[in-house]
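K.L.:
Please model the complete structure; the sequences and the hints are all you need to start from.
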Amino acid sequence: MSKPILTLEELSKTFDRLTAVDKIDLQMQKGEILGFLGPNGAGKTTTIKMIAGLLQPSSGAISICGHDMASEAKRCRELTGYIPDRPFLYEKLTGAEYLSFISSLYPPPQGKTCGEQGESYLKLFDLHGWRNNLIESYSHGMRQKLIMTSIFMLDQPLIVVDEPMIGLDPKSARIVKELFKSKAESGTTIFLSTHSMEIAEELCHRVCIIREGRIIAGGSVDSLKAQAKHGAANLEDLFLQLTGAFELQEVVAALRQR
Amino acid sequence: MRLYLPFLRTAINRFFATRARIKLLVLGLLGTLICAALYLLTYKSVSYFHSQSELGIILSMKIFQMAWITIFAMLIFSSMIAGVSTLYLSHDNEIIVAAPVTLEELFRMRMFTTFLNTSWMMLLFSLPIFGAFGVVFSAGPLYWPLLAAAVPATAFTASGSAMLFVIVLVYLFPARRTKDIIVYLSICFGVFLYLIFRLMRPEDLVNPEKYGQFVEYMSAISNPAGFWLPASWTSNMLSSYLLDRDIDFLLVGLILLTPPVLLFCGEFLMARFFASGFSKSQESFGGQHRFKEVGWGRSRLLWVFRKESISFLRDSKEWSQFFMIGALVIVYLYNFKVLPLERTFGSAYVANLIAFGNIGLSGFLAAALAARFVYPSIGGEGGAFYLIRTSPMSAARFFFYKYLFYLIPFTLLIIVLVSVSNHFLQIEGPMWWISLFCALLICWTVVALALGFGAIFADYHAENRSTAMGPGSVFYFFCAISYMLVVLFSGVSPAYRLIRAWLRSGGMPLSDALLIFFWVIAVIGLSAVVMTLIFRRGIGALTAR
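Just so you know, the sequences run in chain order A and B. 933 is the number that my numbering gives the last residue of the first sequence; the numbers go up by one with no jumps. 2022 is the number that my numbering gives the last residue of the second sequence; the numbers go up by one with no jumps.
It is possible that part of the hints are untrue.
[Unchecked claim] Partial list, computed: chain A residues near chain B (C-beta under 7 angstroms):
#	residue
1	Ser-677
2	Leu-730
3	Glu-753
4	Glu-772
5	Leu-780
Source of the hints: derived by calculation from the structure; they are not laboratory data. Glycine included, C-beta positions come from ideal geometry on N, C-alpha and C.
P.N.:
The structure is reproduced here in structure tokens:
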């Protein structure tokens, strides 16, 4: 087996008395797309922020392509592209200036230049005509596409994405899904946190379900369905079973009685 | 250089956009006017002192020293606040910290941008002030290059010291909430300000009797300020050149070498302490505090008041402002307490004149505070402003409620300032009421102006209230000061006649009473016109959004 791209070992994060992430163990291989699912407040974003180097773990270790995050933080960051759920963009920069700035922070990709890559993604996302406009004039979806362009153009081995489809129109969402697939086929590893079961089912080779900071289930979608107690028909049923379907049934019953 | 690109491009795109060129031109013109006014004011004052024998020269040097120390203290505080924001709370940290950027590079970038953001005004406006000293003292040719090097070097030293302090402070105190960081910083600054103020002992400058002998007094005021303070290195070096054409190379070395040393120390501290501090500063967003439940049946006015007050009080970034206001009020009133009225000939006249001048001083304070708190209150609504616009509440009502909300604390502050300073000045009779009435009228009008200009120039994309201060705030301040000057200058003659008559006979001739009455009516009329105009424009701007 090849060297894992991402390894989380006993990874934990506590805030005061709250344990947001509790001893997570995980490995991802080259070209794999992993769906990280969980209810709100389960610890998904905290985990992602630790992988992106924005939060220090309370304990445990993260390694990216064999480089330890604690001792080789800069190398790990070179290898990781992070797409946040609410991207901050410099309002007074144009799209092209923003891409140029991001490309200056990371090592250049092999083969094509960042500029060529950026141009092709901008065209793909219908943003090319807007590249010289200030970001403050962009819609939410356009901002999301710009930040995706800025990461895709870098061609890093690991991409960490928090809620990728928020604000995207159906065409762009389709393009993003196809891009994720083609990136994975060409060897990029994608750690994808999402609430959308449809996306997870369609894109992910493997899913992990996290609840109260712990991974409570993991594996391919089919293997998880097979493990389910009551024979879940799809990933959503399985997710609800694992994360509180019984509570949901009570809520639905209460709503129907109103 | 790559990390500076957003800063530079943002500045270029902001200031050189086609639409912004006229704005830039107007601001440039306004800046030049302010520089010219500062130069003239300093030139006149220093020339006066300079013409008053040896004592005048020493006093003017003391003012020179105080100006440096005050500017240095202000820069340290603003850099501390800016340092916390840029190093730990800035939104672009998600991009930059997640990128393969070394902490040393990050520190250098934050250091330079904080230095420029906090010091540009000082760099711009201190030159005419210290330049005037050079002209009055007929400084030699080396004064200008020394000044040009000392001003940015001292400003950089202030910013650098503040950034170092911030890194260590955030590391030492496990500040899980941003407000903790800011509160610590504010307390430290309060102590610092107090120490600086006490060290300078400005009241002693006008009180030779406090000293046993005249020689002792002269020696006290001509002593250089504490050697441990970088601002005093600069003021001592420049004043020594101004007086004797001597260049103290030790001081020049200290001034020029401190910035690179601080940069080096900052990089060292950053590499050791930043990662832990940054991680902790983000944990604040997971605050677990539960607030008590509130009822649902409140009136619209009370909910607007409630929303305004809790949004402000729960925003820990605003808390440091309370310390600032507290320090400001104490220093303000303290100045009146230590005035040597008993030694002044015709002290009752002087006290009444000071009370009249105090109208302008309190108005200036109200205008400055309104610029900081009232002006950004509309833009500070940010993206949530759509809630107001789509609700059945009219823009006019919302504007008026906001006005009422800010009017209450401002009115109380002005009443306290004017009443207590009048008490210290031992004011009795009509001046007591005139000063209070005028100060309140000015206060109410400048609050309306701040709100109106804030609505017209609202920046709904600002990160927070403190950054929602665009070029409109300069226009606001200009209008507020102009209005105040009209009120004050038109009142000089009626107030003087009133004081004279009252102090002579304890009464007022009919002609003087009528003059005061018409002035009061005119001032009320002017304020009403200003308020109506700005209310209309402000509400119009809100409606047009």
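K.L.:
So, for every hint listed, does it hold in this structure?
P.N.:
Each hint, compared with the structure:
1. A hinted interface residue such as A:Ser-677 counts as satisfied when its beta carbon comes closer than 7 angstroms to some beta carbon of chain B; here the least separation is about 24 angstroms, so the hint is violated.
2. Annotation: interface hint on A:Leu-730 holds; nearest CB of chain B at approximately 5 angstroms, less than 7 angstroms.
3. The beta carbon of A:Glu-753 comes within 4 angstroms of a beta carbon in chain B, closer than 7 angstroms, and the hint placing it at the interface holds.
4. Interface restraint check: A:Glu-772 against chain B, minimum CB-CB distance 5 angstroms, threshold 7 angstroms, status holds.
5. For A:Leu-780, the interface hint holds, since its Cβ comes within 7 angstroms of a Cβ in chain B; the closest pair sits about 4 angstroms apart.
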